[in-house]
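Undergrad: Listed here are the chains, written in short residue letters.
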Amino acid sequence: MNNKQINLLVDAVKLLLIMVITLAVIAAIIFSVSDDPLNALYNFFVGPFLSMRRIGNIVEGACPLTFTAMAVMLIFKAGQFSMISEGSFFIGTGVAMSISLAVPMPTGLHALVALLGAALAGAFIAFIPAILKKTWDVSEVVTSIMLNYVCEFFVIYLVTYHFKETSSSSLASWELAPTSLLPKIVPGTNIHLGVILALLLCVGCWVLTNRSRFGYQLRLTGSNPSFSHYAGIKETGVMVGAQVIAGTIAGMGGGVELLGMYNRFKWTTSPGFGWTGIVVALLAKDNPLLIPLSACFFSYINTGANIMAMNSDVSNDVAQIIQGVIMMLIVSGALLQRWRQKLVVRAAEKEQAEAAAVSASVEA
Amino acid sequence: MHGEEALRMENITKVYPNGVIANSDINFSVMKGEIHALSGENGAGKSTLMKMLFGIEQPTRGDIYVNGEKKVISSSAEAISLGIGMVHQHFMLVPSLSVVENMVLGQEPRRGVMLDRKTAKAQAKEVSEKYHLGVPLDAPVYDLSVGQKQKVEILKALLHGAKILILDEPTAVLTPQETQELFIELKNLRDDGYTVIFISHKLNEVRELCDRITIIRHGRTMGVYDVRDVSEREISRLMVGRDVVLHMDRTPTMPGDVVLDVEGLSYWNHYGKQRLNGISLRARRNEVLGVAGVEGNGQAELVDIISGNLSRFQGSVRVLGKEVSGMSIRQVRELGVSYIPEDRMTMGMAGDLSITDNLMADKSYRDRFVGKVGLLDKKSIQEYGAEMVERYQVVCKSPDQPISSLSGGNIQKVVLARELSSNPELVIADQPTRGVDVGASEFIRQELRNLRDQGKCVLLVSSDLNELLGLSDRLIVLCDGGIAAYFADTSEVTEEDLGRFMLGIDRQADEEIAGVRA
Chain X
2 MNNKQINLLV
12 DAVKLLLIMV
22 ITLAVIAAII
32 FSVSDDPLNA
42 LYNFFVGPFL
52 SMRRIGNIVE
62 GACPLTFTAM
72 AVMLIFKAGQ
82 FSMISEGSFF
92 IGTGVAMSIS
102 LAVPMPTGLH
112 ALVALLGAAL
122 AGAFIAFIPA
132 ILKKTWDVSE
142 VVTSIMLNYV
152 CEFFVIYLVT
162 YHFKETSSSS
172 LASWELAPTS
182 LLPKIVPGTN
192 IHLGVILALL
202 LCVGCWVLTN
212 RSRFGYQLRL
222 TGSNPSFSHY
232 AGIKETGVMV
242 GAQVIAGTIA
252 GMGGGVELLG
262 MYNRFKWTTS
272 PGFGWTGIVV
282 ALLAKDNPLL
292 IPLSACFFSY
302 INTGANIMAM
312 NSDVSNDVAQ
322 IIQGVIMMLI
332 VSGALLQRWR
342 QKLVVRAAEK
352 EQAEAAAVSA
362 SVEA
Chain P
-17 MHGEEALRME
-7 NITKVYPNGV
3 IANSDINFSV
13 MKGEIHALSG
23 ENGAGKSTLM
33 KMLFGIEQPT
43 RGDIYVNGEK
53 KVISSSAEAI
63 SLGIGMVHQH
73 FMLVPSLSVV
83 ENMVLGQEPR
93 RGVMLDRKTA
103 KAQAKEVSEK
113 YHLGVPLDAP
123 VYDLSVGQKQ
133 KVEILKALLH
143 GAKILILDEP
153 TAVLTPQETQ
163 ELFIELKNLR
173 DDGYTVIFIS
183 HKLNEVRELC
193 DRITIIRHGR
203 TMGVYDVRDV
213 SEREISRLMV
223 GRDVVLHMDR
233 TPTMPGDVVL
243 DVEGLSYWNH
253 YGKQRLNGIS
263 LRARRNEVLG
273 VAGVEGNGQA
283 ELVDIISGNL
293 SRFQGSVRVL
303 GKEVSGMSIR
313 QVRELGVSYI
323 PEDRMTMGMA
333 GDLSITDNLM
343 ADKSYRDRFV
353 GKVGLLDKKS
363 IQEYGAEMVE
373 RYQVVCKSPD
383 QPISSLSGGN
393 IQKVVLAREL
403 SSNPELVIAD
413 QPTRGVDVGA
423 SEFIRQELRN
433 LRDQGKCVLL
443 VSSDLNELLG
453 LSDRLIVLCD
463 GGIAAYFADT
473 SEVTEEDLGR
483 FMLGIDRQAD
493 EEIAGVRA
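Order-wise, the sequence lines are chains X and P.
Read left to right, the first sequence gives residues 2 to 365 (the working numbering).
Read left to right, the second sequence gives residues -17 to 500 (the working numbering).
Because the hints were derived from the structure by calculation, they are not lab data.
Any given hint could be a false lead.
[To be verified] Negatives, chain X to chain P, calculated, CB over 10 Å: (1) 82; (2) 104; (3) 263; (4) 336; (5) 353.
[To be verified] Ranges of calculated distance between the beta carbons of each label pair, as one might list FRET restraints: (6) P:77 with X:269: 49 to 59 Å; (7) X:140 with P:79: 21 to 31 Å; (8) P:487 with X:350: 52 to 62 Å; (9) P:239 with X:8: 44 to 54 Å; (10) X:230 with P:163: 53 to 63 Å; (11) X:288 with P:166: 51 to 61 Å; (12) X:350 with P:163: 41 to 51 Å; (13) P:304 with X:140: 18 to 28 Å; (14) P:327 with X:12: 18 to 28 Å.
Please read all numbers here as calculations on a predicted model, not as lab measurements.
Yeah, the Cβ is synthetic: ideal placement off N, Cα and C, and Gly gets one too.
Chain X extracted, bound-state conformation (with noise of 0.2 Å):
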C-alpha cells in the first residue's frame, strides 16, 4: 500500500466510524427520551423513503446546503475564515423577494433577474470582510459574524415595513409574483429547476478550482500566502476574488431557495443554512463533487427528524445534536492516526525491504 491508498482507506474508515457513533449516538438519545423508541428509531431512519414526496424533501432540503457549502469551501481553499456566505445566503432572499415583489417581468425573465439580483447582493456583502482584510487587516472572522447580523436584520426589516401582508397575524411578505418562481421539475415533489442549478454550479466549482489558473493561484495561496506573493501572484487579490465569488454563489443559493420553495417570505430568523454549510463542506473533504452526497446525508437527517417529530414523541432537535456531533469528530485530526501510523510504518519498511533485496540481487 502506498501513502495514497493508507489516505483512502483511512479517510473512509473514519468516514463509517463517523456514521455509525453519530448513529449510535441518535439510538441513544432516542431511547432515553422516548415512550416507544423502536417507533422513533424507524421514523428517523426509514420515514424518509416511505414515499417519493419525502424523499423529495431530502432532495430539496440539500438545495441550499448545496449551495452554502459550495460558498464555504470556496472561503477556505483562500486560506480565509469568512462566516459571510450566512448572511450573503440570506441578503440573496430579500433581494430575490423584493425584486419579485416590487418589479413586474415576463415569466421566466422574471426568476433570472431575481436570481441575478440576489447574487449580485451576496457577492456584494461577501466583498466587505474581504477587502476591509485586504486593505487594513481586520480580521474577516469578527467582521464577517458581525455583519451576518447586519443582513439578517436589513431583511426582516425589508419584509415586515415593505413587503409585509398586512392581513396575517405572523411575519410574512406578500404572494410572490408567479412569473418570478422556479419551475418543479419532478411531479409529486417539490424538487424545483434550482436543484439543476446547484449540480451544474459544483461542476463549475470543481472546474474553477483544479482546472483554472485562478484555481491553481487559489490553491497555491491557500497552501501558502508568502510564497504566492513571491511568486508575482496577487495574493490578496485572489483572497478578495475567491470570497466575492463565494458570495455570489451563496446569494443566489438564497435567491434559489425562496424562489424555488415558498410563495412568501416566512423567515422571522436567518435560517442558518450558512452555518450548516461549514459541516457540509468539511464532511466533503474539499472535493466540490462531493457535496450535493454530504448535503444530502444532512437533509436525511434533518428529514428523519422532522418525519420522527411528527409521528412519535421525540422532538426535531436531535438533528442539530448529530449536527454538532458530526462536526465534532469530522475536525478531530487525531481520530484513527495510531492505526494510520501503524499502516504507514508497516509500508514504509516494507518498501526498504524490497529496495535492499533488489539493489542485493542487483549486486549477486
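Fit chain P to the supplied structure of chain X, relying on the hints for placement.
TA: This is chain P only, laid out in the frame that chain X set:
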C-alpha cells in the same frame, strides 16, 4: 576512552506520518566529557535523531539511555530535567525580552506570582561568569548579534542544568572569528566535564573541534570514528557514498553589459531602523557578484528590494536599464529576474501542493500552460513537470507527489528548476546551498556556474565563505547596511580577510569601494 557513557540511543527507528523513514536502526553513543560530532548529508536523519533525544519527536522503535538508565523522553521539559540542553539552528529566543529574562524562561525564580528579577539576574550573572561567556545581560535580545544570541542559548541551557549540550549546525551563522571563539568556549566546557554533541557537515570544523564522529547516511549509522584516525576525504565519502569534488574551478570570462545597476540605495524598516545605507553597485553579464556579510547586515533587504519584494526605498535600482521602483513582483520577474529565496520552506514552496504545481508557480499566466477558454492545459503542465524533474535530477517517485515529502536538497532543486527555467537575465541566489547536502550543493553550484558562462548575471549571497570565494568573480562585504569592502578579484582573498570586514573591525577606503560601480 573517557570511560563513562553519558548517553546511548539503541536501535532507533523513526517513521514519519508521511511514510518517510528518517532513522533506521541507528545506534549512537556519547561519552562524558567529549565533543562528539554527528555528521551526515541533509536529510540523512541527524536532526530527527536529535529531536527524539530532546523529546520533540518520539521514536517508532528503540531505546534511549541517559547515564545508563533507560528513559522515555516525551517532552523537551523532560529532556531538560534529564540534563539535556539544545541550541537550535534557529534560535528559540523571545526578541523583545532581555537576555536575563530569556535565560530564566521556563524556570523563573518567583516572588509570589511575580518574576523575582534580582534572583534571576544573579543566577544569569553567575553562569555567565562561571563559563566566561560574556553577554550584556540587560539588553533586549533583538539588539544582540547572532554570535551573542547563540551564547545566550548556550547559557540558557547551562542555567537549566544541562550536562549534555546539543548544538545544531552552530557555525552556519557565525563569522570565522566568532567560530573560533565558540570553539574555545566549547573546549572549556568539555574540560569541565560537559558533553557536547556537535551537528555539522563542515568537515574542517569537525576535525578541529571534535574527539569522535558518528556518521549517518540515509538514516543509518555508517560508523563511529576517532576524528584523528580518519581523513576529511574518508568522512565525506562515508557521508555521501562517493567522492565529492571539494574544489571549484572557474574558467575566466569577460564581463559583459551591465544587468543590475544600484545607486545610492537606502532603506529604513518599519521600526525606523536604517538597514541599507547608500549602497551602489553594478553587476554584469558573465559574472557572479558575491555578497558576504554576517546575517542581518542588509543582505536580506538588498535582495528583497531587487526582487521586488520590498518597496519604499530610496535611491535607484535598475535591471537592464529599467527602474524597479514601483513595479510589482510579477513585473520584476518579467524583466528577467529570478530569485532563489533564503528561506525556501516559508517563501519558496507550497508544501501541500505537488512538485509540478510548485514548479509552475511563477508561470501560471504563461501561454504555454493555458489552453482554450482560459483553462489550464493539464498535458502541457505535466510534460513540463516531468521534464524539470529529470533535467534537475529531483529524486522523487512522481512529479505529482507533494513537495513536502522531499528532502531539503531536493526541494531546493525544485526551487532552482522553477527559477532557472524562466530563462532569467539576473539570478539572485540567497544562501542557495544552506542546509543542502553535499551532493545537491555541488549540483546547484554547477548550475550557477553554467548560468554565468551562458552570459547571465548572478548575485550570490552566502554565509558559506568557501562557496562565496569559489563561485564569485567579484565580491563585496556588507556590514551595517553599507559596503565595507570590495574585491575586484577573489583569487587572493582569504576567509580571514573577509571576517575582519564582516565584523566591522576594518573598512576599506571609499575610493576602493567605489570600484564596484566601475
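Undergrad: Against the structure, test the hints numbered earlier, and report the numbers of the ones violated in rising order.
TA: Result: hints 5, 10 and 13 break, sorted rising.
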